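Asks: Chains as they are written, first to last, in our numbering: chain G, 278 to 388; chain Y, 4 to 114.
Treat each hint with caution, since some may be false.
To be verified - If you want the ones that stay clear, here's a sample from chain Y, every Cβ over 12 Å from chain G, calculated:
no. : residue
1   : Ala12
2   : Glu29
3   : Gln41
4   : Arg45
5   : Gly46
6   : Gln48
7   : Ile56
8   : Glu62
9   : Ser68
10  : Pro72
11  : Gln73
12  : Asp88
13  : Ala95
14  : Gln101
What the hints assert, rightly or not - Label pairs and their computed distance ranges (CB to CB):
no. : chain 1 : residue 1 : chain 2 : residue 2 : range
15  : G       : Ser334    : Y       : Ser70     : 17 to 27 Å
16  : Y       : Glu29     : G       : Tyr327    : 43 to 53 Å
17  : Y       : Leu114    : G       : Thr345    : 41 to 51 Å
18  : Y       : Ser99     : G       : Ser334    : 34 to 44 Å
19  : Y       : Gln48     : G       : Ser303    : 33 to 43 Å
20  : G       : Thr345    : Y       : Glu62     : 22 to 32 Å
21  : G       : Asp315    : Y       : Gly57     : 44 to 54 Å
22  : G       : Gln286    : Y       : Thr13     : 40 to 50 Å
23  : G       : Asn387    : Y       : Gly46     : 23 to 33 Å
24  : G       : Ser297    : Y       : Lys83     : 25 to 35 Å
For the record, the hints were derived by calculation from the structure and aren't laboratory data.
It should be emphasised that the depicted structure is a prediction, and the values quoted were computed from it without experimental measurement.
Quick reminder that beta carbons are idealized off the backbone N, C-alpha and C, glycines included.
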Amino acid sequence: GQQLNQSPQSMFIQEGEDVSMNCTSSSIFNTWLWYKQDPGEGPVLLIALYKAGELTSNGRLTAQFGITRKDSFLNISASIPSDVGIYFCAGLRGSNYKLTFGKGTLLTVNP
Amino acid sequence: SQTIHQWPATLVQPVGSPLSLECTVEGTSNPNLYWYRQAAGRGLQLLFYSVGIGQISSEVPQNLSASRPQDRQFILSSKKLLLSDSGFYLCAWSSSDQPQHFGDGTRLSIL
């Protein structure tokens, strides 16, 4: 089946540093989504991208829908301790209801 | 605004016992509904999805079943739980103008 390659698998950074993670695929997606999951909770939608080349921000978070429609990245600027969690990318193709998820990036922020 | 409720938050059940997890959505009509399982170590596995009352699609063969008795109610069931059914179960909804949003999850432990 389709897969999203999400990298890195984990990151250990100092508070205040910027973070970048990305997802790539061999298939084209029409929608890219980025979620954050805190321990013991459900994933929360951070950013949704609907057009190739689209660059969208949500506070300190910025995400882009790749021009080829096969990749997306998420940047977090000036990280803070509450940024800790698992970040998932997900892609949606056409009218298909089912999301394809990356395996997640575990972010640890040292104060 | 739309909200999604899952319960219970935590459940401990003996092997061989039945299961019923419930999910309800408020603030939207005719949502698409989803059940996921998340094993330790992150990956999200789609178990079932539903595009309407009584319409259930199963993604993987397993010991579980799903039902949608009402438009905004989605139930995950089992007649006899196995040890391998332990995990974190997530319900999600989407619509024509909203990407998938997740509930807070149910932590299921089988003893």
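Asks: Could you run down the list of hints and mark each one as holding or not?
Replies: Quick rundown of the hints versus the structure:
1. Ala12: violated, 9 Å
2. Glu29: holds, 16 Å
3. Gln41: violated, 9 Å
4. Arg45: The claim is violated: Y:Arg45 sits with its nearest Cβ about 4 Å from chain G, within 12 Å.
5. Gly46: violated, 6 Å
6. Gln48: violated, 9 Å
7. Ile56: holds, 16 Å
8. Glu62: It is violated; Y:Glu62 is separated from chain G by about 8 Å at its closest Cβ, not greater than 12 Å.
9. Ser68: holds, 19 Å
10. Pro72: About 20 Å separates Y:Pro72 from the closest Cβ of chain G, which puts it past 12 Å; holds.
11. Gln73: holds, 19 Å
12. Asp88: The assertion about Y:Asp88 holds, with a minimum of 19 Å to chain G.
13. Ala95: violated, 8 Å
14. Gln101: Given that some Cβ of chain G is not farther than 12 Å from that of Y:Gln101, nearest at about 9 Å, it is violated.
15. G:Ser334 / Y:Ser70: 17 to 27 Å: Between G:Ser334 and Y:Ser70, where Cβ atoms are some 41 Å apart, the hint is violated.
16. Y:Glu29 / G:Tyr327: 43 to 53 Å: violated, 25 Å
17. Y:Leu114 / G:Thr345: 41 to 51 Å: Hint holds: Cβ distance 49 Å, inside 41 to 51 Å.
18. Y:Ser99 / G:Ser334: 34 to 44 Å: Since Y:Ser99 and G:Ser334 have Cβ atoms about 25 Å apart, the given range 34 to 44 Å is violated.
19. Y:Gln48 / G:Ser303: 33 to 43 Å: violated, 21 Å
20. G:Thr345 / Y:Glu62: 22 to 32 Å: With a Cβ separation near 28 Å, G:Thr345 and Y:Glu62 satisfy 22 to 32 Å, so the hint holds.
21. G:Asp315 / Y:Gly57: 44 to 54 Å: Taking Cβ atoms as reference, G:Asp315 and Y:Gly57 lie about 34 Å apart, which means the hint is violated.
22. G:Gln286 / Y:Thr13: 40 to 50 Å: Since the Cβ atoms of G:Gln286 and Y:Thr13 sit about 28 Å apart, the hinted range of 40 to 50 Å is violated.
23. G:Asn387 / Y:Gly46: 23 to 33 Å: holds, 26 Å
24. G:Ser297 / Y:Lys83: 25 to 35 Å: violated, 46 Å
Of the numbered hints stated above, those contradicted by the structure are hints 1, 3, 4, 5, 6, 8, 13, 14, 15, 16, 18, 19, 21, 22 and 24, listed in ascending order.
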